[in-house]
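**Student:** Residue-level listing of the chains:
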Amino acid sequence: MTLAQNAPQLVTAQPLLQIRGVNKTYGPVTAVQDVSATVYAGEVLGIVGESGSGKSTLLRMMNLEEIPDNGTYTLDLPEVTGNLFDLDRFERRMLCAKRIGIVYQNPHLGLLMGHSSSGNVAERLLVAGERRFATLRAKAMDALAASEFPLDRLDAPPRELSGGMQQRVQLAKAIALEPALLLLDEPTTGLDVSVQALVLDTLKRLQQERQITMVLVSHDLGVIRTLADRVMVMRRGQVVEAGLVDQIFQDPQHPYTQQLVHAKL
Amino acid sequence: MSLSSLTKPWEPMSYGFLDPSAKRELRRKMLKAVAVPGCQMPYASREVPMARGWGTGGLQVSLTLINPKTRVKVIDQGADDSVNAASIRRFLARVSGAPTTLDTLDADLIQSRHRIPEEKLRADQILVLQVPNPEPLRPVEPNMSIARQMHGDADYGRMWLQLYEQIVRSGRVMQGASYPSMVNGRHVMTPSPIPRWDVPKLHMAKHLTILSAGREKRIFAVPPFTRVEPLVFDDVPYRVEEHGQLTCYRSGAEGFFMNEIPQPDGSALHEISDSEYGVKHIRTAQGEPDARGETWYQNGQMEDTP
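Each protein sequence line maps, in turn, to chains A and B. Start counting the first sequence at 1; every next residue gets the next number (our numbering). Start counting the second sequence at 1; every next residue gets the next number (our numbering).
Next up, chain A with everything else stripped away, as it sits in the complex (with noise of 0.2 Å):
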């Protein structure tokens, strides 16, 4: 099918990332079971459900860290082509390291407690080859501060930090290479609310400015409210429903998610 040249971009943009029929059991447990996604670049999509609902997991293979039993999954970016899921060790760790970030609910995953904040974030460049010292302190500098990090702060270890701040050490590194696609798992659970707002308005501002493809995976639906495009709603490893943030929240259709809907405090 050929589309029309005056068509709108939405319809002739190839999606960025595509999930297809996935499935991952660990022994008898299903954690996640048929799952299709996709997101176009510069959107973001929230991916919504109780805790055991395969949100995680899921999360976790589009960050390559986990390869489910069988299911394609794509990105549209110039160096790479196929099924990501058949990538060997090396591949797949350099291409987390140059196109994906990732920001995890818990700092200890994604940071190295004792070095310092910059030094977590020149890793990243390390990784992807960058060896000049100027480059490498310049870059973490511009990287921490995007992310709004105090600079006075600059080399203390994330674990002399508050909860909020070693979020931002994370989200630093996680955009310090520019990626493609930006992942984060639950980024402001355990923050108290003020923190979290202002967790939020960073990465709302981040996300108007590079028109970074984000996916974001939370229980809360309020941080899903104000940041994603769209959202898809799982339960016990499986998508119930999928569709834009107002349509879902304002008119839920599948039991379960009206149900999540109403549960709001």
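No lab work stands behind these hints, which were simulated from the structure alone. Don't take every hint at face value.
Partial chain A-side listing against chain B, Cβ under 10 Å, derived [what the hints assert, rightly or not]:
id, residue
1, A97
2, N120
3, R132
4, Q247
If the Cβ cut is set under 10 Å, some of the chain B residues that face chain A in the computed set are [unchecked claim]:
id, residue
5, M50
6, Q149
7, A154
8, L161
9, I167
In this text, a Cβ means the ideal position worked out from N, Cα and C, and glycines have one as well.
Given the coordinates of chain A, work out where chain B should sit on it, guided by the hints.
**Tutor:** For chain B alone, coordinates are given in the frame of chain A:
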């Protein structure tokens, strides 16, 4: 044919202390290590009559390489006369009948801890270095299974992170010994706790260097004419210790690696670390014929190697 005709007669001890199967394993692992420069080869470290951590790895390699004609030199922190060096030297001579020497130029096999001699080694000499911690990735990756994967992938980015941290904290690279070095452009090794001063001596050297860690059970090697490049940032050059201007208070030698000897008044004297080279210097000054060989450093400067 009887079984006894196939076995060797009983002896109270095998030659060179280690039994033949142990030596065979060590030889095979050394060949492997030479074939893949800088790559750590695991081996079954045997018991020797010495505590782990006192050079058992180096001793096992020396015991395997030794024969009755090998001239052995043993160095501990540059000195031939420290207790550890003297004991190892005496042990090697006793179990193998090999002659010993203090002269670097005269030796065929040099077992060393913490130093490479100042005089240039030749192609027919073998240097055995004792290694306490063979894994350069340990400070940045405590999980050894993952560290092995990182070696496999040549994933060494985090080694520079260590250097970055040192420059950020102290304004310069503080790594004084065991400076991580890239061997043959592929494997990063820790060149045992030799000072930064000695690392350039391994680059394109004529001699074979075997590094062995007894407690950690790893052998690796730098074959002759192999590139050994200390890890550096492109814009922060590698610097050796600033010993080029120091003078040895005993021998008057200048421009070599020195030991600092603090004095009661707060000042410090310096003494040449390679003790036998210092002795040669003194002998020459006293009118004996000059027995000093060509040195890697001249006037405190490392000569340029290709």
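**Student:** A separate judgement is required for each hint: does it hold in the structure or not?
**Tutor:** So, going through the hints one by one against the coordinates:
1. For A:A97, the suggested interface contact is upheld, since its CB lies about 8 Å from the closest CB of chain B, less than 10 Å.
2. At its closest, the beta carbon of A:N120 sits 9 Å from a beta carbon of chain B; the interface hint therefore holds under the 10 Å criterion.
3. For A:R132, the shortest C-beta to C-beta distance to chain B is roughly 5 Å, which falls under 10 Å, so the interface hint holds.
4. Hint status for A:Q247: violated, given a least beta-carbon distance of 44 Å to chain B, over 10 Å.
5. Restraint check, B:M50 versus chain A: the minimum CB separation of about 35 Å is more than 10 Å; hint violated.
6. Using the Cβ-Cβ criterion of 10 Å, the hint placing B:Q149 at the interface with chain A is satisfied: the shortest such distance is roughly 7 Å.
7. Checking B:A154 against chain A by beta carbon gives a least distance of about 9 Å; that is within 10 Å, so the hint holds.
8. For B:L161, the interface hint holds, the least distance from its beta-carbon to any beta-carbon of chain A being 5 Å, beneath 10 Å.
9. Interface restraint check: B:I167 against chain A, minimum CB-CB distance 6 Å, threshold 10 Å, status holds.
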